[in-house]
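Student: Add chain U to chain Z, keeping to what the hints say.
Residue numbers (this note's numbering), protein chains in the order written: chain Z, 1 to 196; chain U, 1 to 92.
I should point out that these hints are in silico values taken from the structure, not numbers from a laboratory.
Careful: at least some of the hints might be erroneous.
List of simulated lysine to aspartate or glutamate pairs, EDC-like, C-alpha gap at most 20 Å [said to hold, decoys possible]:
hint: 1; chain 1: Z; residue 1: K24; chain 2: Z; residue 2: E45
hint: 2; chain 1: Z; residue 1: K135; chain 2: U; residue 2: E19
hint: 3; chain 1: Z; residue 1: K135; chain 2: U; residue 2: E14
hint: 4; chain 1: Z; residue 1: K24; chain 2: U; residue 2: D21
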Amino acid sequence: MKDQKIINLILEGNELGFIKLANKYEKLLFYIAKSILGNRIEDVEECVNDTYLKLWNNIDKYDSDKASLKTYLIIIVRNTAINKLRDLSKHEKNQISDDITDIAKYYIDNKQNLEKSIFDKEDLSKLNTLIKNLKSVDQEIIIRKYFYLQSSKHIARVMDMTVTAVDSRSSRTRKILQKEFEKEDEEVIRKENKYE
Amino acid sequence: MNEVKLIDMLSYLEPELLEDDYIEKDMNKLKNLISKISESSSLITFNKGLRSIIKIITFIIASLLVLVGIIVIIIKKKKPKITKKAFNFVTN
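Next up, chain Z with everything else stripped away, as it sits in the complex (with noise of 0.2 Å):
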């Protein structure tokens, strides 16, 4: 069934519009789940059953334009995923399933505020816009790394890469990152001198 006819019955307020929605994007929201949160099954439902509400309360908010449904479905399961892994390690550790991938471990190692960032609406425009910019290679390394939560040793798998390569160039790719937002940095502070 075409996207549009789902979002129609969804709409409509008719169940068969999730029916129809689950079979032809169940697996790949499970596989985006999975890859952050582990194997952990009850985990990865209720991360996918959340999904579909969520969609289910923002479908008027839903634009084609901006987006296919795929595309807003991965952005909000993963945006889901991403919160439960923080909720879980809010907890307790042992809450988080073992086999959550290195990167992910990092996350909630490394979080000191547990909450939701807030961040700058240029900011985050300017970021789009220097991945948009990046090399293909490198914007998957970074999209698959950081998006997904996926290990090096499987983007390495999948890119046909070693691991080595994989982890040097999305370190390279982050310095590339950081060099341009410092820059903007020194370019503000440098402009509100001249006015002063």
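Tutor: Below, chain U alone, put in the same frame as chain Z:
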């Protein structure tokens, strides 16, 4: 850039950067891998089946040969007696 900050900032990634089907590619690779494994395992099962059929056939042929051998021995042993009996019958 700090990895934690990058993960948090990517929560606001623009949808167009996610239109590439990385995940679907992964899922297809996984599907292909699973089908390859199941194909090879079915080939292994087929080979095992073939081997056991060959074993059974060999066993049947071997037992038939043994049986034929036994029958031949019996006939060979019985032959002189039969000829003796025939000779006696004729002479009498």
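Student: If a hint holds in the structure, say so; if it doesn't, say that too.
Tutor: Status of the hints after comparison with the structure:
no. : hint           : verdict
1   : Z:K24 - Z:E45  : holds, 16 Å
2   : Z:K135 - U:E19 : holds, 16 Å
3   : Z:K135 - U:E14 : holds, 17 Å
4   : Z:K24 - U:D21  : holds, 15 Å
Checked against the numbered hints above, the structure violates none of them.
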